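Chains as they are written, first to last, in this note's numbering: chain A, 247 to 396; chain B, 31 to 191.
Don't read these hints as lab results, they were simulated from the structure.
On a predicted model such as this, the values are computed, not experimentally measured, just so you know.
C-beta atoms are modelled at their ideal positions from N, C-alpha and C, and glycine is treated no differently.
Treat the hints loosely; a few may be bogus.
A short list of chain B residues far from chain A (calculated; beta carbon distances all over 12 Å) [as the list claims (entries may be wrong)]:
#1 Arg71
#2 Glu98
#3 Ile106
#4 Ala116
To list a few chain A residues with every Cβ distance to chain B over 12 Å, as calculated [as the list claims (entries may be wrong)]:
#5 His253
#6 Gln255
#7 Leu302
#8 Leu310
#9 Ser313
#10 Leu315
#11 Gly329
#12 Ser332
#13 Ile334
#14 Gly355
#15 Glu368
#16 Leu371
#17 Arg373
#18 Arg384
Below 25 Å or equal to it, Euclidean Cα-Cα: the simulated BS3-like pairs (lysine-lysine) are [said to hold, decoys possible]:
#19 B/Lys189 x B/Lys72
#20 B/Lys180 x A/Lys338
#21 B/Lys180 x B/Lys160
#22 A/Lys375 x A/Lys251
#23 B/Lys72 x B/Lys159
#24 B/Lys159 x A/Lys319
#25 B/Lys160 x A/Lys351
#26 B/Lys179 x B/Lys160
#27 A/Lys251 x A/Lys374
#28 B/Lys180 x B/Lys159
#29 A/Lys319 x A/Lys351
#30 B/Lys147 x B/Lys89
#31 B/Lys160 x A/Lys319
#32 B/Lys159 x A/Lys351
#33 B/Lys72 x B/Lys89
#34 B/Lys189 x A/Lys338
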Amino acid sequence: MDRNKQHRQVALMRQSLFDQGLLDEQFVQLEELQDDANPNFVEEVVTLFYRDSARLILNIDQALDKSPLDFAKLDSYMHQFKGSASSIGAKKVKSECTLFREYCKAGNGEGCKRTFQQLKKEYALLRKKLESYFQLARQVGPVETACRRI
Amino acid sequence: MRFKGKPIECKMELPSKIKNNEKSIQQGFSPSGNGDLISTRKFRALMVDNDPICQIIEKAILESQGVETQFVGSGIDALNLLATGASFDIIVIAWVLPMMNGVETTRQIRAMGIRCKLLAIIACFDERKKHEFLDVGVDEFIEKPLNPKKVASIMREMKNG
Numbered sequence: 247m248d249r250n251k252q253h254r255q256v257a258l259m260r261q262s263l264f265d266q267g268l269l270d271e272q273f274v275q276l277e278e279l280q281d282d283a284n285p286n287f288v289e290e291v292v293t294l295f296y297r298d299s300a301r302l303i304l305n306i307d308q309a310l311d312k313s314p315l316d317f318a319k320l321d322s323y324m325h326q327f328k329g330s331a332s333s334i335g336a337k338k339v340k341s342e343c344t345l346f347r348e349y350c351k352a353g354n355g356e357g358c359k360r361t362f363q364q365l366k367k368e369y370a371l372l373r374k375k376l377e378s379y380f381q382l383a384r385q386v387g388p389v390e391t392a393c394r395r396i
Numbered sequence: 031m032r033f034k035g036k037p038i039e040c041k042m043e044l045p046s047k048i049k050n051n052e053k054s055i056q057q058g059f060s061p062s063g064n065g066d067l068i069s070t071r072k073f074r075a076l077m078v079d080n081d082p083i084c085q086i087i088e089k090a091i092l093e094s095q096g097v098e099t100q101f102v103g104s105g106i107d108a109l110n111l112l113a114t115g116a117s118f119d120i121i122v123i124a125w126v127l128p129m130m131n132g133v134e135t136t137r138q139i140r141a142m143g144i145r146c147k148l149l150a151i152i153a154c155f156d157e158r159k160k161h162e163f164l165d166v167g168v169d170e171f172i173e174k175p176l177n178p179k180k181v182a183s184i185m186r187e188m189k190n191g
């Protein structure tokens with residue numbers, strides 16, 4: 247495949263992440279922080295996010311297994327998780343975090359459990375799509391001019 | 031000097047004539063006519079946030095705006111650092127911190143007599159937490175993520191202030 251086609255494929259893949267509502271403007275802000283000194287900044291941050299947030303996911307899973315549920319603790323975990331998810335622009339994951347916290351405030355354990363299952367799905371889906379995107383972007387290499395479209 | 035990682039050459043030319051003070055100040059030179067540069071001071075920020083992802087991103091955003099940034103992961107570390115005499119133009123404090131939360135940290139920072147700009151940053155907007163922070167002396171309260179445009183507007187305000 248020629249280089250232009252490959253770049254177009256990368257651009258389309260990137261655009262689809264926004265069109266599907268998986269990413270928001272914050273991701274673009276991170277991309278704008280990349281430069282020659284830090285060409286893989288976004289990928290590194292996203293990798294670190296998935297590594298670091300695995301611990302929080304486990305904590306929440308374990309807390310949801312307990313009875314009675316400690317909603318204050320669950321809310322605190324989710325507050326932290328939302329902070330880092332929003333910092334990388336994970337739009338759908340962030341929405342599920344907000345919904346989870348609303349269920350916590352309402353003391354609705356079933357709602358929390360249901361929302362957390364959905365959150366984990368969105369979290370895993372985003373990871374898979376970003377991994378594919380970064381892999382392709384690395385193979386293709388940088389473009390001469392930036393194309394920013396949301 | 032390096033800009034975005036690439037070395038660049040700096041060439042300074044002294045003006046042969048300086049017509050008035052305003053023109054020389056605009057050009058960055060002292061109005062005395064001796065060619066001395068007016069130094070443009072770098073702002074210094076202290077970030078108090080124990081989330082490692084937010085630390086990296088917030089630091090990168092601040093540094094992209096030319097702000098020298100130091101990080102601590104707890105309120106206690108922030109107070110200890112400030113007690114050594116370290117001074118900052120802006121302190122950004124998260125709500126969730128180990129041992130002592132952001133509100134209590136802010137209260138104690140203000141109690142030390144520190145009057146620099148204090149920005150509270152929180153993952154989930156909450157009216158009650160906003161008022162708690164404002165009551166103890168933060169100047170502004172924002173929801174994460176920290177945004178380069180917001181940082182630029184705060185820096186502009188501080189430069190003009």
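Taking the hints in turn, this is what the structure says about them:
| no. | hint | in the structure |
| --- | --- | --- |
| 1 | Arg71 | holds (23 Å) |
| 2 | Glu98 | holds (16 Å) |
| 3 | Ile106 | holds (18 Å) |
| 4 | Ala116 | holds (25 Å) |
| 5 | His253 | holds (22 Å) |
| 6 | Gln255 | holds (27 Å) |
| 7 | Leu302 | violated (10 Å) |
| 8 | Leu310 | holds (19 Å) |
| 9 | Ser313 | holds (25 Å) |
| 10 | Leu315 | holds (19 Å) |
| 11 | Gly329 | violated (3 Å) |
| 12 | Ser332 | violated (5 Å) |
| 13 | Ile334 | violated (7 Å) |
| 14 | Gly355 | holds (20 Å) |
| 15 | Glu368 | holds (17 Å) |
| 16 | Leu371 | holds (19 Å) |
| 17 | Arg373 | holds (14 Å) |
| 18 | Arg384 | holds (19 Å) |
| 19 | B/Lys189 x B/Lys72 | holds (10 Å) |
| 20 | B/Lys180 x A/Lys338 | holds (23 Å) |
| 21 | B/Lys180 x B/Lys160 | holds (17 Å) |
| 22 | A/Lys375 x A/Lys251 | holds (20 Å) |
| 23 | B/Lys72 x B/Lys159 | violated (31 Å) |
| 24 | B/Lys159 x A/Lys319 | holds (17 Å) |
| 25 | B/Lys160 x A/Lys351 | holds (17 Å) |
| 26 | B/Lys179 x B/Lys160 | holds (21 Å) |
| 27 | A/Lys251 x A/Lys374 | holds (23 Å) |
| 28 | B/Lys180 x B/Lys159 | holds (20 Å) |
| 29 | A/Lys319 x A/Lys351 | holds (11 Å) |
| 30 | B/Lys147 x B/Lys89 | holds (17 Å) |
| 31 | B/Lys160 x A/Lys319 | holds (20 Å) |
| 32 | B/Lys159 x A/Lys351 | holds (15 Å) |
| 33 | B/Lys72 x B/Lys89 | holds (15 Å) |
| 34 | B/Lys189 x A/Lys338 | violated (37 Å) |
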